[in-house]
Amino acid sequence: MNETVVGTSVLRRDAPGKLIGQARYADDLVLPRMLYAATTRCSLPHARIVSIDTAPALAIPGVHAVLTAKDIPGTNAVGPVVKDQPVLADGVVRYVGESVAIVAAETKDAAMAAAAAVVVVYEELPGVFDPIEGMADGARKVFAKGNIGSRTRLRRGDVAAGFAASDVIVEGDFTTQMIEHSYIEPESSVATIEPDGSIVIYAATQYIHYDRDEVARTLGVPSSEVRVIQMTTGGGFGGKFGSPLPQCHAALLAMKTGRPVKVTWTRGESIGTSIKRHPYQMHYKVGARSDGMLQAVEARLISDTGAYLVTGNSVLGKSTTHCTGPYSVPNVSADGFAVHTNNPPSGAMRGYGVPQVTIAIEQVMDEIAHRLGMDPVELRLRNALDIGSTTATGQVLKGSVGIKEALRGAGAAAEAFRAEIDQAPPGRRRGVGVAASWHGTASARRPSEGTTVVNVMKDGSVSVITGAVEIGQGSDTVMGMIAAEELRVPFEKVRVFTTDSAVAPDCEATTASRVTYITGNATRRAGAEARRQILEMASQDLEASVDDLELRDGVVTVIGAPSRRRTFADMVFERGMQGVTAVGSFIAEIVAPDAETMQGIPHPTYGLAAHAALVEVEMDTGRIRVLKYAAFNDVGRAINPISVIGQSSGGAVMGIGYGILEEVQLREGRVVTPNFATYMLPTALDVPAIDVGIVEAPEATGPYGAKGLGELAANPGGATILCAIRDATGMMMTRTPVTPERLFMAMQEAGVSTR
Amino acid sequence: MTMTLPPFRYVVPVRLDDALDLLAEHGPGARVMAGGTDIIVAMRERGLRLGCLVDLKHIPGLAAIGVGPSGSLSIGSLTPVRDVERSAVVRDGWGVLASAAGMLASIQVRNKATLGGNICNASPAADLAPPLLVLDAVAVAYGRQGERSIPMAQLFAGPGRTTLNGDILTGFTIPPMPGGARAVHLKHGPRNAMDIAIAGVAVLAVPDASGTRWADARIALGSVAPTPIRATAAEAALRGALIGPESIDEAARLAAEAASPIGDVRGSADYRRAMIAALTRRALQEVSA
Amino acid sequence: MTALQNPAPAKVVLSLTINGEPRQALVAPHRSLLEVLREDLELTGAKRGCDAGDCGACSVILDGRLVASCLTLALEAEGATLRTIEGVALDDRPDAALHPIQQSFARHAAVQCGFCTPGMVMATVALLEENPHPTEQEVRQGIAGNLCRCTGYSQIVEAILDAANAAPAAQTAGAPR
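Chains as they are written, first to last, in the working numbering: chain A, 1 to 755; chain B, 1001 to 1289; chain C, 2001 to 2177.
Some clues are possibly wrong.
To be clear about the criterion: a stretch of chain C counts as covered by chain A if any three or more of its residues have a C-beta under 8 Å from a C-beta of chain A, and this derived list gives those stretches [unchecked claim]:
hint	region
1	2036-2049
2	2058-2070
Interface residues of chain B toward chain C, partial, derived using beta-carbon atoms under 8 Å [what the hints assert, rightly or not]:
hint	residue
3	A1193
4	S1210
5	G1211
Listed next, the stretches of chain B that the computed footprint assigns to chain A, with coverage defined by at least 3 CB atoms under 8 Å from CB atoms of chain A [to be verified]:
hint	region
6	1162-1173
7	1278-1288
Please keep in mind that the hints were generated in silico from the structure rather than gathered at the bench.
Positions of the beta carbon are idealized from the N, C-alpha and C atoms, including for glycine.
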């Protein structure tokens, strides 16, 4: 490792603009003659639309358009993986808050009044709100074809033999809740029609090209007619990829009115109607020998995908392939079902099905350790994946398996925490927990591409053009660092452009922990190719071998003879060139899991993590405080360490929220926690400083050894807190979030003294 | 939740009589506004529609904090909750009120929300109600008939309803804490900030001269009944009883019995009742420690 | 209900001082201060995160008090002195346009998506003016009304503690010049 930029902590260049309030988010944008949109939403979980009367809405002064499904010129179905979500409900509504009509008006007041004035007559249909009920024979149907939207089936080895060889078998049922991404910026898009008739959309988004294609399909125009420009985006976590409805709605209204239209959702719309994290019901049966070695894992995973699948099949797939946790298990059998209900649709959220199975398997691991009288960290270390291990999908890991190092780090942190365990005030008990998780980098369904264009300008400064958008996590900085590294220029001389679908190559979404790995590789290749071209020119001019040349900040010198030099500016000027442009592409190759057994190579590489927490439980209320937290994440290589620390801290806190605070509560499909007063995010007072340990087990196929972090950082948090609660109270909690009430009631039921 | 607030008139009287005139003029669609932190949310999220908001903040003297000759605290209804929290006078003499003020929502909200607004909303979960109840505060109201006093225990009529009957709450008179008294307010929620209480308990207790028995004890409960209430049976059981686990447990049991909570997104009725017992027990332990 | 039959009340002129400059806007009574800042006065730094006082992204300093501008009617600010994120940077110092608090946020990577950032900075300004040398716990109390979903708060807390230690006690941010 002799890099000069990569591996150093670089401050992001978007920070000053954000700090002075000048960064431009979609809702900050005001265009001349712009109209404001509002949405008519259904208040029933399942109903047939008998009629829609838009006339009263159109009669309101200032209202320019009221659109329903029949006004959609193209295809009325969107979704990142499965296109089954209507842009506007057509004939049937399947969840509370589904959009039925959209309006555009001169003012927000008029738009809101118009949305309320649309008269929709419904014939209410019976709803199904629980996936287990939905799977039963004769269940009420969300779709005529049946409620099971997707199935997975993983088979490896012989679980019966594995259980027969086991000395201890642990079984348990686990239930995880629906949660909301809770990006602080609600969904927002502005659409406008250009003078040439094409459409431009300014959006808060995680994937400009996806939005472009979905808008084009909705409008029935070629993708070339649509241009999506990402505005500074206030967080995504999967939710601003999950559904392109704001973009499609803005585009439809702009097309109809010929005027710019802004769609900005309220927080209530965002929590109430956007895509969510799937709630899961899981049954696990795990066998181990008396030496702790896992022999078999049997898992049944049922997800509530709500009214639409959108990505539910793919999320379920990731849960299934990750169901064992980061452990080597010879015999695995897993069956997954994504079931439709009349609840809000769930889809992509940071973790993509892995936080759920992590809750289950890590609780089971602690129970096995308890029954064997073994230290829980030791149990995990004995079973941890390593180079040469085979995963549940039969994938042999070739390198970059830092789970043991992460576990040792978390184990040491846990030991340090344990020193404080007896310092609990009267009436409180403390406990320490360690949990591990993993996360396959990039999509499991098919190869995954990234492309970057690097321009070296005449003055030696550099532009990097690529389509993987920044959503706050720091990817633009990483791309700039990689280009600076390859071209040996200071980071300050590199600008990164990722926001414009008309210019940037389609790099797929900023999701799946894939940007640093895939687009990073593409950027590195583009940078290296540009460097090669520059050295090639110098090699001709200086009559020296490329191997003897050194490029530094726009000047090529012969190593050992610095007076023999050529400037980049001179070389391109003399050749009549305007600079150098190079393209780099990278495709992550996978072997898609087999449909019957899910055997395959779903991911090019895996991030691995182990976290530790010290918690304190108020015994008379069940109130839980997280006192200390340490996160050890194997990122392969930290390209920008300060950014790795930030993403790791944020992920840990999101995991804590998942474990003990956050829940989208539903009553017959209706969200009853539609604001941040009832949907409870951790505040600064609810979490400790997060101690981040960066583990670097280099990934040979990653840029400088790097692999994905985004989701990994958030996967173990919930499970870690649950393990610590168990240590404190002896209670294995099987339902998240572990609210004070759930813990208190469970302790009472179990006869644990709550005094 | 709406994108904008529904339209209303907004008026800013500078005299109490003008405020009463404006309220009369606009009838049932008019409401007084203090900090506005709840009424604005009620309009955005809970469908409240009003014809006129009468902002009281420009009426002089309604945000004053002072101690009268009798040693009583007089505190204006328009006093921001943040000022209640930080006032040296309140902290020194009526600390339980200051400490409860510091538990309400966020600094941003406390800077705007007022003592009177928190009480007049008559939310069962009003953070400042239990301490005012145990402090035996007296509300001062101004109406057509002039000024009248309403003991705290008679101020609430039901969820969202008071006995002000159109009069304007101008402030509170709070007697000095009895000699030797200690008071504490415990608020229970899953977080350390921003929560609306699942349950809240304020306790004020006075030991007798020997320090072995309870001479007086007052217990108020929040979030567990249609209004904040005093747990009078628990108080009576404590009076004269030996200070110790037995009397504390009995008071906790009686306080829980006094609660008639509902279940909602924050917690079930059973849990709330259990929390009243737990918080009462802990509060009594704290004041007797 | 009679209240609903009222026609939309007339707009009135709002005059106030923002970041040291007199500003005016013609506003209807039902507009929040946040809306008027963002939509009429072209000050889009304060963000609309929840419109209910739960997230802190819209924080401004109104007559010396940190408030949620979404829970403030614009007309409540009549005659007031208002400080917003746009007034925090020391733009009269060309060598260091950012206020030391902002510099510290940048240095500690306390900014990710940035949507909570303006509110966080305003909360920090208010905190440090009141308590120039807070403890970690006091810092966390000072920003407890500001939700952040990206950072987990660690780097924000570090940045504030660092700014407090580096800053002279008397410093004020965005005060009228």
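Verdict on chain A covering the region 1278-1288 of chain B, criterion of 3 CB contacts below 8 Å: With 4 residues closer than 8 Å to chain A, the region 1278-1288 of chain B meets the three-residue bar; holds.
Chain A over the region 2058-2070 of chain C, status - at least 3 residues with CB closer than 8 Å: Our answer is that it is violated, as 0 residues pass the Cβ test (under 8 Å) against chain A, missing three.
Can the region 1162-1173 of chain B be counted as covered by chain A under the rule of three residues or more with Cβ-Cβ separation shorter than 8 Å? Violated: only 0 residues of the region 1162-1173 of chain B have a Cβ under 8 Å from chain A.
Are three or more residues of the region 2036-2049 of chain C within 8 Å, CB to CB, of chain A? holds (count 9)
May I ask you to test the interface hint for A1193/B with respect to chain C, counting a Cβ-Cβ separation under 8 Å as satisfied? holds (4 Å)
Tell me if the interface restraint on S1210/B is satisfied: Cβ within less than 8 Å of some Cβ in chain C. Check failed: Cβ of S1210/B comes no nearer than 39 Å to chain C, outside 8 Å.
Any CB of chain C closer than 8 Å to the CB of G1211/B? With a closest approach of 34 Å, the G1211/B hint is violated.
Hints 2, 4, 5 and 6 from the list above are not met by this structure, while the remaining hints are.
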